[in-house]
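Q: Sequence:
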Amino acid sequence: MKTTAEKTMKSLMQKLDQAESGMEVQLSKEEGELYRIDTMDELPLEDLIDKDHADDLKDN
Numbered sequence: 012m013k014t015t016a017e018k019t020m021k022s023l024m025q026k027l028d029q030a031e032s033g034m035e036v037q038l039s040k041e042e043g044e045l046y047r048i049d050t051m052d053e054l055p056l057e058d059l060i061d062k063d064h065a066d067d068l069k070d071n
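The opening residue of the sequence shown carries number 12 in the working numbering; numbering runs sequentially from there.
Don't take each hint at face value.
As the list claims (entries may be wrong) - Below, simulated PhoX-like cross-link-like pairs (lysine-lysine); rule was C-alpha separation at most 25 Å, straight line:
hint, residue 1, residue 2
1, Lys26, Lys40
2, Lys26, Lys13
3, Lys13, Lys40
4, Lys40, Lys18
5, Lys21, Lys40
To be clear, the hints were calculated from the coordinates, so they are not data collected in a lab.
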């Protein structure tokens with residue numbers, strides 16, 4: 012039997028495939044969290060930094 016995490020990941024992957032083919036999809040909260048975590052490594056650093064605190068980092 013598959014775990015909840017495995018089912019969520021499979022569902023997310025299916026929805027991403029649908030989105031790539033032009034279909035509109037809606038992610039569940041759990042799928043959204045997995046997608047966000049999975050894509051964090053792909054984002055440039057400036058997209059990960061809260062714009063309100065970006066100046067704080069420049070000083071360091």
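Q: Please go over all the hints and tell whether each is borne out by the structure.
A: So, going through the hints one by one against the coordinates:
1. Lys26 x Lys40: Roughly 13 Å between the alpha carbons, so the hint for Lys26 and Lys40 holds.
2. Lys26 x Lys13: OK: Lys26 and Lys13 at ~18 Å, within 25 Å.
3. Lys13 x Lys40: holds (19 Å)
4. Lys40 x Lys18: holds (14 Å)
5. Lys21 x Lys40: holds (15 Å)
Violated hints: none; the structure is consistent with every hint.
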